[in-house]
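Number of protein chains: 4
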Amino acid sequence: MQRRRLRLGMVGGGQGAFIGAVHRIAARLDDRFELVAGALSSDPERARASALEAGIARSYADWREMARAEAARDDGIDAVAIVTPNHLHAPVATAFLEAGIHVICDKPLAVSLAEGEALAKLAHSKKRLFALTHTYSGYPLVRHARELVERGELGELRVVQVEYAQDWLAEPVETGGANKQAGWRTDPALAGPAGCLGDIGTHAYHLAAFVTGMMPRALSAELHTFVPGRRIDDHVQAMLRYANGARGMLWASQVASGAENALRLRVYGTKAGLAFDQEEPNVLWFTPLGGAAERLTRARVASPVAAHATRVPAGHPEGYLEAFAQLYEDAALQIDALNEGRAAPAESLLLTTVDDGVDGLRFIEAVLKSSAADGRWVDIEGT
Amino acid sequence: MQRRRLRLGMVGGGQGAFIGAVHRIAARLDDRFELVAGALSSDPERARASALEAGIARSYADWREMARAEAARDDGIDAVAIVTPNHLHAPVATAFLEAGIHVICDKPLAVSLAEGEALAKLAHSKKRLFALTHTYSGYPLVRHARELVERGELGELRVVQVEYAQDWLAEPVETGGANKQAGWRTDPALAGPAGCLGDIGTHAYHLAAFVTGMMPRALSAELHTFVPGRRIDDHVQAMLRYANGARGMLWASQVASGAENALRLRVYGTKAGLAFDQEEPNVLWFTPLGGAAERLTRARVASPVAAHATRVPAGHPEGYLEAFAQLYEDAALQIDALNEGRAAPAESLLLTTVDDGVDGLRFIEAVLKSSAADGRWVDIEGT
Amino acid sequence: MQRRRLRLGMVGGGQGAFIGAVHRIAARLDDRFELVAGALSSDPERARASALEAGIARSYADWREMARAEAARDDGIDAVAIVTPNHLHAPVATAFLEAGIHVICDKPLAVSLAEGEALAKLAHSKKRLFALTHTYSGYPLVRHARELVERGELGELRVVQVEYAQDWLAEPVETGGANKQAGWRTDPALAGPAGCLGDIGTHAYHLAAFVTGMMPRALSAELHTFVPGRRIDDHVQAMLRYANGARGMLWASQVASGAENALRLRVYGTKAGLAFDQEEPNVLWFTPLGGAAERLTRARVASPVAAHATRVPAGHPEGYLEAFAQLYEDAALQIDALNEGRAAPAESLLLTTVDDGVDGLRFIEAVLKSSAADGRWVDIEGT
Amino acid sequence: MQRRRLRLGMVGGGQGAFIGAVHRIAARLDDRFELVAGALSSDPERARASALEAGIARSYADWREMARAEAARDDGIDAVAIVTPNHLHAPVATAFLEAGIHVICDKPLAVSLAEGEALAKLAHSKKRLFALTHTYSGYPLVRHARELVERGELGELRVVQVEYAQDWLAEPVETGGANKQAGWRTDPALAGPAGCLGDIGTHAYHLAAFVTGMMPRALSAELHTFVPGRRIDDHVQAMLRYANGARGMLWASQVASGAENALRLRVYGTKAGLAFDQEEPNVLWFTPLGGAAERLTRARVASPVAAHATRVPAGHPEGYLEAFAQLYEDAALQIDALNEGRAAPAESLLLTTVDDGVDGLRFIEAVLKSSAADGRWVDIEGT
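Protein chains in written order, with this note's numbering: chain A, 2 to 384; chain B, 2 to 384; chain C, 2 to 384; chain D, 2 to 384.
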């Protein structure tokens with residue numbers, strides 16, 4: 002029998018936002034959530050209109066009020082999706098955790114490491130789910146890649162090459178106010194001190210960490226702003242050192258003319274290499290040392306972790322929304338388990354946690370520090 | 002303000018079925034339908050269990066009863082999704098049309114041209130929506146390809162090459178009963194007289210017709226069954242002649258070892274050629290005569306018809322489920338219009354109709370006839 | 002110790018020709034031939050100028066005279082390369098065979114089956130090498146593909162899909178005289194009765210036959226001329242039946258806008274499929290039934306037949322000229338053996354023979370016959 | 002009329018060598034050189050046997066003697082190809098320059114910057130050609146890429162990403178003596194202080210410099226040796242800063258499991274980006290900001306510089322040997338001009354010079370220096 006649909010609330014994601022609509026589709030896709038409440042905008046009128054448009058029954062003008070009110074209802078929300086600009090992630094998450102409500106939060110976790118660590122502490126003490134939506138870890142073949150590494154199919158890892166290139170900020174589109182996305186993402190007051198670094202650099206970092214199971218021990222980095230007048234970085238390059246001796250490079254850019262959403266990872270070990278390109282997510286390349294590349298496909302790879310994250314048969318492409326939906330599916334499995342006081346099913350545990358978010362913030366702080374010190378190698382704290 | 006979610010029923014699609022689950026996700030994805038009733042299996046117990054699992058409130062053991070009962074309710078279904086084996090498409094659709102309920106039906110339309118023509122006549126007389134789910138016409142870039150042809154960007158069309166290759170029936174997987182899909186799809190009593198031809202050959206045919214805006218005038222074809230003991234074709238090849246002098250080839254096979262779901266179309270005109278591969282649906286290739294290929298991408302192509310069928314920005318891949326959802330989205334737009342007695346919005350009109358289904362049956366009959374006559378060129382009736 | 006360079010003559014290939022220059026590079030590349038004599042044009046002045054430009058010592062105004070004179074010299078040519086328009090292949094080859102000179106001849110072998118059969122008979126009786134330059138069989142991975150089939154890696158063959166698309170004749174470029182290539186290739190008096198069919202259809206046919214080791218038993222075909230005023234076909238489509246029950250399709254077109262030189266072969270057996278694209282000749286795809294595609298590369302595939310035809314290591318691309326050179330290399334190995342009265346080395350025996358050329362003419366005649374009979378299935382004689 | 006073939010000598014490249022055979026084919030391909038003399042090995046017997054095998058008339062046991070003797074002959078060599086291990090490049094080149102003989106030398110130019118600068122000074126004073134065989138700059142599309150940058154089609158350059166990955170040294174194949182290539186390339190006494198850096202890092206550096214027309218102003222780098230016991234680096238990563246504010250990354254590895262010869266360059270400017278992959282050299286990708294990628298192909302791109310470096314029509318792939326031959330072709334054009342006291346034709350001037358070789362050594366020294374200083378940013382001297 003189908004389980005009860007979980008009741009979901011949303012903070013942020015009003016008209017003109019991109020990621021709010023994505024969360025709504027993702028929450029709906031596997032039919033485990035019902036969106037019933039929202040504080041979609043800090044502007045009360047816009048909040049109401051956005052909620053109506055999204056078919057949300059209960060609209061709040063203020064997220065603090067929403068946390069309070071929903072916690073008080075018998076049919077209050079089980080979980081909240083936080084899709085605001087970055088500076089509000091931690092305050093909003095704190096309010097809902099305090100109210101005993103599970104949290105599904107967009108990345109980056111917070112705008113400083115200290116803020117993130119406090120949040121992690123709170124989440125652990127409250128025993129509520131805290132899921133961070135690092136979308137790309139929802140792809141079946143990303144999970145399979147992780148499995149291949151874990152099973153030793155690549156041997157000892159030696160080289161990590163990860164990159165994330167876009168071109169949508171190649172020009173000063175944030176000026177004038179027409180592009181709401183560009184506006185807040187290049188405003189340090191809303192996005193935090195990291196621009197391209199926080200927006201997509203963290204995705205690159207997380208993807209590499211997720212697949213390799215390793216975090217770099219140290220890095221040497223350089224932030225740069227290409228577009229005149231921009232108040233935040235739009236380009237980051239870094240060299241990485243891992244504890245086992247592996248080396249790596251990370252590049253993220255929002256001024257790479259012609260690039261759409263080119264997140265790519267390559268990992269090389271003593272026995273084999275693999276490659277994944279987010280823009281072709283139904284394919285994973287695996288190449289043994291000296292051998293022929295194998296083009297592994299989503300639904301043909303014999304992999305329970307991939308199968309868990311797949312919906313349609315071989316040759317029927319899944320995409321970004323399905324990867325995102327997978328995070329919601331895993332969140333639902335974990336929330337059910339938490340609500341029922343039992344261990345969550347193993348296959349749901351690849352979901353990104355609040356601790357992963359803290360790791361991401363450590364990465365950000367190390368890059369900021371190294372870049373400020375002209376690329377000096379900086380240890381990544383706590384890893 | 003968001004429109005009322007339409008109430009959807011489903012016939013077929015019980016446990017073990019593939020396409021039923023796909024329809025359910027597709028109906029849900031854009032939030033225009035709510036699945037409230039179903040006759041998911043002819044086995045009453047299985048029907049009930051399947052409905053429970055799918056979270057469907059009203060379960061019926063019989064679709065005739067369902068049509069009657071739903072028509073009688075104030076909150077009865079607006080539309081029914083028919084996802085049974087082929088031989089039931091026409092009887093079920095007839096019952097629901099008679100009851101005044103809109104129909105969204107899997108392809109092929111029916112198991113004979115006569116049956117299909119009667120159904121079309123009924124649908125027209127009842128003024129209800131009849132949507133046939135030729136999934137691949139829901140892809141934004143397939144719609145854009147059609148637009149490019151229509152705008153004359155290819156010049157006069159000369160050559161059409163379409164193919165659909167799979168390998169899942171390369172062995173006699175229908176024996177033994179374990180593979181329910183293979184079972185009914187290779188059983189003429191359930192699938193009709195056309196096997197591979199009806200299952201995927203019609204998709205290839207429809208894709209070519211949809212993009213080129215042309216149906217062949219005549220064809221020379223050969224059906225073949227490779228797997229010993231199989232009661233139906235698993236391979237079809239055909240040559241095509243078009244009224245304007247264009248030539249074409251169509252190939253569909255379910256024994257093409259290594260092929261997953263390789264539906265591909267190439268069209269060549271006097272000015273340019275284009276190519277689309279269903280397994281990489283976020284890309285469309287356009288190459289001018291003597292020039293460089295352009296790699297058009299889903300969300301970068303300046304195209305209202307593509308934009309209408311897209312949800313996420315450039316570089317965020319959409320896939321099969323989104324294409325399928327597009328058919329439901331367009332169906333909702335048309336049903337709203339029909340219910341309100343106004344013209345449907347132009348962007349919804351690319352949805353496959355019952356008449357397209359009849360054309361597909363004409364193609365099937367012509368192939369059967371030509372193949373029986375050792376490949377003699379056969380006119381396609383009525384076009 | 003290096004063997005003596007063989008002395009090569011050339012008939013045809015004067016200024017403005019394409020294939021003559023290719024033969025000259027190919028003959029030189031592996032350093033087994035020295036071009037010392039030529040009758041490069043039927044125009045004496047042009048012949049002389051062309052020879053000078055190509056650095057050829059002995060220039061003849063007439064190929065009959067050349068055959069005679071070279072046969073009489075102690076240091077006369079060992080072999081002649083025939084690169085004239087098609088109608089001269091047989092007469093020229095006959096003259097040089099009669100003079101006891103080995104022949105390397107461009108395809109198609111002749112302009113009629115009868116002419117080709119006579120030539121084959123002569124070649125056999127004279128015990129001279131007769132090599133037909135079906136270039137694409139010189140690619141290492143084409144040879145490896147053949148090996149995979151022969152070793153049974155694909156299982157029993159079921160489906161053959163071969164095509165050759167170009168766009169250089171999409172417009173009437175043969176008019177006006179500026180395009181010498183287009184001129185003779187569309188003139189039945191020079192090219193023979195088959196246009197696109199003879200020019201590239203035969204390459205497609207040969208590639209399929211070479212790799213599969215099978216010739217079709219029967220075919221149903223249709224020739225077409227798209228460009229108004231053209232005197233010869235520029236498009237051919239055919240369905241194929243093989244003796245073992247396999248089915249196939251062949252398509253060749255010179256009006257496929259956007260296509261450069263797109264010769265592609267796919268073969269599917271009961272156990273696996275393979276795919277080769279002439280425009281990416283350093284890669285061969287091999288995909289087991291239900292499995293992951295393997296991207297086999299030229300110098301990594303463990304294959305003596307591929308190794309024999311390769312010069313540089315993995316990742317250093319070889320191309321068309323190297324494939325062509327391979328035919329000359331194999332010809333040299335066979336000529337050495339013939340001159341020394343011993344068996345030619347096994348690895349040289351994949352070189353296309355005069356009998357393969359006769360098979361190609363049988364294919365051409367069958368297509369002409371079937372097309373004239375509105376696509377009736379026609380047996381391919383003698384196979 | 003064809004020009005006189007230039008007489009070529011060779012130092013190095015005896016049996017078991019890779020690059021010697023490549024130079025011989027490359028020199029022969031366009032028929033502008035005749036290999037007549039050689040000192041192919043420092044072992045006299047091996048030198049003699051190698052020369053015989055390569056069909057070289059005059060074999061020397063010592064390159065000093067060869068320089069002397071050839072300079073003294075009326076029919077002495079015009080040019081010498083130096084294909085020894087790195088440590089001999091400068092001594093051999095010096096001897097032949099002193100003898101007035103043109104030099105075509107493998108890269109890197111020398112084993113130290115000082116040695117290279119002395120050589121450059123000598124070459125300039127002697128007014129002899131000094132060509133350095135940076136093969137990849139011989140590709141037509143690499144030259145066209147340079148042209149696109151120069152013409153401003155990319156706008157102001159912002160980002161350079163270049164990499165060169167191989168896997169042939171992923172294991173300690175240099176031990177045991179069986180792999181001659183691996184032996185000298187990992188021996189600092191023969192290869193110089195830079196391993197992977199000198200062997201392929203310099204190719205990556207040169208490709209980026211050639212296409213962008215810019216050399217980095219400073220770099221931060223890290224060398225690494227992965228294979229235990231290896232005496233030289235097998236991996237290098239670097240971050241780059243350019244004078245105009247552009248940023249870049251360079252990665253070269255010989256332990257990247259699965260990589261064959263993956264030299265890839267991407268350049269992004271304010272208006273467009275481009276990408277080239279040495280393993281698919283017949284294609285160049287050009288993508289305008291926000292637009293669709295164009296797949297430019299070798300013989301379809303309207304480009305005199307590409308046309309100059311191409312032999313066969315569109316769709317007939319050229320490869321590594323043709324790129325290499327292009328360097329010889331350009332060298333021949335320049336030698337003819339030097340011999341005749343006139344300016345060399347413009348289209349031949351893209352040939353890599355001794356000064357480019359010095360730039361490459363500056364890059365090597367900067368990497369060595371930065372790596373030794375834990376990645377400190379180091380200015381690249383003299384640029």
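Note that these hints are calculated values from the structure, not bench results. Just so it is clear, the structure is predicted and the values come from calculations on it, not from any experiment. Glycine is no exception: its CB is placed at the ideal position from the N, C-alpha and C atoms. Certain hints may be false.
[To be verified] Across the chosen pairs, the derived CB separations fall in these ranges:
1) Lys181/B to Glu99/A: 17 to 25 Å
2) Pro229/B to Ala58/A: 54 to 62 Å
3) Arg65/A to Gly291/D: 37 to 45 Å
4) Glu157/C to Arg232/B: 47 to 55 Å
Now the hints, each set against the structure:
1. For the hinted restraint 17 to 25 Å between Lys181/B and Glu99/A, the CB-CB distance of approximately 50 Å leaves it violated.
2. Distance hint for Pro229/B and Ala58/A: a CB-CB separation of about 59 Å, consistent with the stated range 54 to 62 Å.
3. Distance hint check: the CB atoms of Arg65/A and Gly291/D are about 40 Å apart, consistent with the given range 37 to 45 Å.
4. Take Glu157/C and Arg232/B: their Cβ atoms lie about 21 Å apart, and the range 47 to 55 Å is violated.
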